[in-house]
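Enquirer: In order, the protein sequence lines correspond to chains W and C. Counting from 1, position 145 in the first sequence corresponds to residue 146 in the working numbering; the numbering is continuous, with no gaps. Counting from 1, position 22 in the second sequence corresponds to residue 71 in the working numbering; the numbering is continuous, with no gaps.
Bear in mind the hints are in silico, worked out from the structure with no lab data behind them. There is no bait here: all hints are sound.
Computed spacing ranges between beta-carbons, pair by pair: (1) Glu57/C to Arg31/W: 52 to 60 Å; (2) Pro76/C to Gly229/W: 58 to 66 Å; (3) Glu57/C to Arg336/W: 23 to 31 Å.
Beta carbons: idealized from backbone N, C-alpha and C, even for Gly.
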Amino acid sequence: MTETLDIDRGELEQVTGDLLARHCDVAHLRDRLEAGGAHAPALWWRLAETGLVSALVPAEFGGAGLEPAHLPGVLHATGYHALPEPLLETAVLAVTLLAAFPDHPDADARLGGIAEGSLLATVRFGDADRHVAFAADAHLVLDVAPDGAVTAYAADQLEVVPAAGVDPLRPVAAVIPHGAGDLLGTSPDVAAHVRDLAVAGAACQLAGAARRLLDLTVEYVADRHQFGRPVGSFQAVKHKIADVAVGVDMAEAAALGAFGAEDAHDRARRAASAKAYAGQAADRANVEALQLHGGIGFTWEHHLHVWLKRTMSLTAAHGTPAAHRRTLARDLLARIGEEE
Amino acid sequence: MTMISVAEFRAEVRAWLAEHVPAEPLPSWTDQAGFDQHRTWERTLFEGGYAAVDWPEEYGGRGAGLQHTIAFAEEYYRARAPERVNMGGLYLLGPVLMQYGTEEQRRRWIPDLLSCRTIWCQGFSEPGSGSDLASLRTRAVRDGDHYVVNGQKIWTSMGGFADWIFALVRTDPDAAKERKHAGITFLCIDLRTPGVEVRPLAMVDGTEGFAEVFFTDVHVPVENVVGEVDQGWKVAMSTLGFERGAVFGDHAKFSNDVAALAGLVAVRGLAEDSLALDELGRVLVETEVYRANVYRLAALAEAGGNLDSTASINKLYWTEMQHDIFATGLRLMAEDGAVVGDLAGLAGVDAVTADAWRDWHHRYWYARAAMIFGGTSEIQRNIISERVLGLPMEPRRS
Ligand SMILES: Cc1cc2nc3c(=O)[nH]c(=O)nc-3n(C[C@H](O)[C@H](O)[C@H](O)COP(=O)(O)OP(=O)(O)OC[C@H]3O[C@@H](n4cnc5c(N)ncnc54)[C@H](O)[C@@H]3O)c2cc1C
Chain W
2 MTETLDIDRG
12 ELEQVTGDLL
22 ARHCDVAHLR
32 DRLEAGGAHA
42 PALWWRLAET
52 GLVSALVPAE
62 FGGAGLEPAH
72 LPGVLHATGY
82 HALPEPLLET
92 AVLAVTLLAA
102 FPDHPDADAR
112 LGGIAEGSLL
122 ATVRFGDADR
132 HVAFAADAHL
142 VLDVAPDGAV
152 TAYAADQLEV
162 VPAAGVDPLR
172 PVAAVIPHGA
182 GDLLGTSPDV
192 AAHVRDLAVA
202 GAACQLAGAA
212 RRLLDLTVEY
222 VADRHQFGRP
232 VGSFQAVKHK
242 IADVAVGVDM
252 AEAAALGAFG
262 AEDAHDRARR
272 AASAKAYAGQ
282 AADRANVEAL
292 QLHGGIGFTW
302 EHHLHVWLKR
312 TMSLTAAHGT
322 PAAHRRTLAR
332 DLLARIGEEE
Chain C
50 MTMISVAEFR
60 AEVRAWLAEH
70 VPAEPLPSWT
80 DQAGFDQHRT
90 WERTLFEGGY
100 AAVDWPEEYG
110 GRGAGLQHTI
120 AFAEEYYRAR
130 APERVNMGGL
140 YLLGPVLMQY
150 GTEEQRRRWI
160 PDLLSCRTIW
170 CQGFSEPGSG
180 SDLASLRTRA
190 VRDGDHYVVN
200 GQKIWTSMGG
210 FADWIFALVR
220 TDPDAAKERK
230 HAGITFLCID
240 LRTPGVEVRP
250 LAMVDGTEGF
260 AEVFFTDVHV
270 PVENVVGEVD
280 QGWKVAMSTL
290 GFERGAVFGD
300 HAKFSNDVAA
310 LAGLVAVRGL
320 AEDSLALDEL
330 GRVLVETEVY
340 RANVYRLAAL
350 AEAGGNLDST
360 ASINKLYWTE
370 MQHDIFATGL
380 RLMAEDGAVV
390 GDLAGLAGVD
400 AVTADAWRDW
410 HHRYWYARAA
420 MIFGGTSEIQ
430 RNIISERVLG
440 LPMEPRRS
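Generate the whole structure from the sequences, applying the supplied hints.
Expert: Below, the structure is given as structure tokens:
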């Protein structure tokens, strides 16, 4: 089991990385920025064609029936390439929710639609969640209430109020439903699972985006010369980059290990830790990347800002580092209280 | 031996520890009486077959895989068993002998090392050679079937309690004119040999945790050379790789420390204080991330991957994490003017928290030292940036 997992996982990561390097390159991102919209149907079709969108869809609904544990590398790649598409939201979160209620009369149509690439979906975590990613592009919004009730809303059953998010390629919005929606069912376990997937998934994306900031910076300082030598040969520069590298590497260890972890209690703790740490590490990467690029990094023309903004957006997504730290601390205090 | 499952092994270890771990925590190993008690404990551990579960059976280990090794360490710390005192032997020399030692050397040194009949210390640093280790000057001149050693080592951890030292000595000073890393040899020396003088050095907290070691015409048999003569730099780098790399399972130690910190937060009535929660949350996150890293590296090692490039990142991370844990503790105690010493008298303090806090200062200072020994944090940053990331080298004279 673990062996095939490793093989599939490595292969999926490779396929995703190659595909995104070709079709979600800087030219594509620029194009989307100019166009003023993140999602591009042609790119989404490619993702669907490759099987990435249907990877977690159960076989009986037309998918590959893989486990979330197959996908952390894929999510990392979406951060690395700043993919402006709801892959985490549709292919992981929505699919997991829909597949949890397979007897619902619309399960087939919805999962089938996702699998073939014609249905975009996103997830809202209760009405306090004002940062629903890709809501404006979604045909379906699934709401996960604090009590575990999961409700589906079609696009025409809700109003989307865009928030002034920092990252135009990962647009966020508040979602205000008009009616009662379609209750899929209520399950605190499913809700908790999907929340953990969102948290750990965002951590994987964040680690990927931070890795890109590191790579861009390493590349730039090796190339840029001042005082007759590459600026990357100055120790003050190197040491900043080394600290960034430690953060990125450890964020990857935590995030990739947390996504798809099994044991429910451990899973929540690992996801929250990974997200909190990835946020911290990405913040460091963000600050040093711009600093070490100097003036060129501050221009709209240079593409560094794509990842500066992506890391900021993802750091805020699904719980800030500070919020996760507090939750984890409370959880630890409760645990040691129990032991006494 | 085919190994039992991890779960069975864990249960076996847990039962054994429950029966054998001393009920009262041992006194600190930093004086002779405390050290002797730790040595006795190590003997018990050895006789139980738990001195080094991951080592091959022929050398007194259990031949356990990494998952078993991690489970052992998790149980060891969970039981709050005594600190291991033969670190130089167990984590540095042992693995180096597996890699570079002869069969004869392994048979000669490893069993005593595991049972703690011999305590080993590491003689790399000299007064003039710390970060620039390859500039070392302790000389060893061949005289028949012996080397004659003259020179000095310093900051030698546990030097005052050790029986043997593995040292770097210069055997070919001419080679150094070309390249200072050449002509160095890795030599094991019995500290009872005439001409050796060990002078314990008091550390910053007053305890005698390290020492200076002086060599005056010390005769050492040539068969004590590990690896090839004049090729000791390679052996030294491998030693430092072990020193910096992951010790599989030590994340559990840090989780204990964070639990002790949580106990303190609760006792001090800070459980609703958002700053204290944030600080506690931060160090908890750091230890969870470290745990994930240990699991990742174990998986990588099991798949036959090379961990060399991970050692410096690992060292920089865990030493900073460890410092953060202990400094945070002192900060949370700041109302008492960082007087942590003995909490046992405070209302609501359980035994575990009180024990942890009794040596919090000592552990804090050790955390500061860890950012210096085994190559300073700055040296790790040099390695990460130049060798791992491939940034352009600093213009340097050799
Ligand atoms: C508690 C403790 C236990 C120890 N145990 C042992 C032991 O058992 N065996 C042993 O052999 N040694 C031991 N050491 C010694 C330790 O390895 C050295 O102290 C360490 O390598 C640093 O050398 P140094 O003290 O000479 O400092 P220096 O090398 O003089 O460094 C002084 C400062 O300059 C910085 N610096 C130096 N070179 C560079 C550079 N190229 N780039 C950037 N910054 C630089 C350092 O980072 C440091 O901040 C121990 C040290 C301590 C504190």
